[in-house]
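A.B. asks: Sequence:
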Amino acid sequence: YFMQNGLEDLMRRWKAEYAETPSLSHHASAARGFDVSLLSQQAHREKPMSRISAGLQVLVLVSGAAAAGVQAQGLVTTHKLSAALANQLVGDSVAACAQKGYQVVAVVVDLDGVRQAVLRGDGAPIHSMDNAYYKAYTIASLGLSRKEETTKQIADRMAKNPPTNVPQTQLPNVTYAQGAIAIMAGGNTIGGLGVSGAPGGQFDEECARTALAKIKDRMK
Numbered sequence: 297y298f299m300q301n302g303l304e305d306l307m308r309r310w311k312a313e314y315a316e317t318p319s320l321s322h323h324a325s326a327a328r329g330f331d332v333s334l335l336s337q338q339a340h341r342e343k344p345m346s347r348i349s350a351g352l353q354v355l356v357l358v359s360g361a362a363a364a365g366v367q368a369q370g371l372v373t374t375h376k377l378s379a380a381l382a383n384q385l386v387g388d389s390v391a392a393c394a395q396k397g398y399q400v401v402a403v404v405v406d407l408d409g410v411r412q413a414v415l416r417g418d419g420a421p422i423h424s425m426d427n428a429y430y431k432a433y434t435i436a437s438l439g440l441s442r443k444e445e446t447t448k449q450i451a452d453r454m455a456k457n458p459p460t461n462v463p464q465t466q467l468p469n470v471t472y473a474q475g476a477i478a479i480m481a482g483g484n485t486i487g488g489l490g491v492s493g494a495p496g497g498q499f500d501e502e503c504a505r506t507a508l509a510k511i512k513d514r515m516k
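My numbering runs 296 ahead of the 1-based position in the sequence shown.
No lab work stands behind these hints, which were simulated from the structure alone. Where hints are given, some of them may not hold.
[Claimed, not checked] Below 27 Å or equal to it, Euclidean Cα-Cα: the simulated BS3-like pairs (lysine-lysine) are:
id : residue 1 : residue 2
1  : K448      : K396
2  : K443      : K376
3  : K443      : K516
4  : K376      : K512
5  : K443      : K510
6  : K376      : K456
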């Protein structure tokens, strides 16, 4: 860097002093040629550096995009009913059973088994608070892998495939009682609706099915 600046300064002084002398005009021409050559060499040195700089910028951008892609792959998106729709579902379930003279409890859970909405109808038995939750929890959990729609389907499958001599561990919050339907969207289970309190699981299931039919068009 210092040599280059020194040479350029020397050439400027030499041309200023001798360029007007006729006998040295050819030296001035040579000096100008040398100056142009020097600048040309400098340009050639700068071009590779420019290409390297541009390449590094592209590499940084690509690396950043790749890092962003890795971060995006670390996120999982799940779906569940909105609070408004979950509350409508339990309300319609209780109302459907009430029209038939049954006092029931309805519960909606998401795939984590968390209660999204609970409604106890007037006069519904207290044990139905837990039982409706167990039904909803079971269909949302055990029905997920096989895409089973009701706890009855799970119970029927279990009956056809009795356990071996090794006793099964009783899972917490799990019941095979009829009266729950999977909440599905796009062919995938996103939660469960459990109903309890009617004089038979089939009636609980009918009320749940009636309520789900009312929001079917909003699940697409």
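A.B. asks: Next, verify each hint and record whether it holds.
C.D. replies: Quick rundown of the hints versus the structure:
| no. | hint | result |
| --- | --- | --- |
| 1 | K448 to K396 | 21 Å, holds |
| 2 | K443 to K376 | 16 Å, holds |
| 3 | K443 to K516 | 17 Å, holds |
| 4 | K376 to K512 | 14 Å, holds |
| 5 | K443 to K510 | 21 Å, holds |
| 6 | K376 to K456 | 32 Å, violated |
The earlier numbered hint that this structure contradicts is number 6, and it is the only one.
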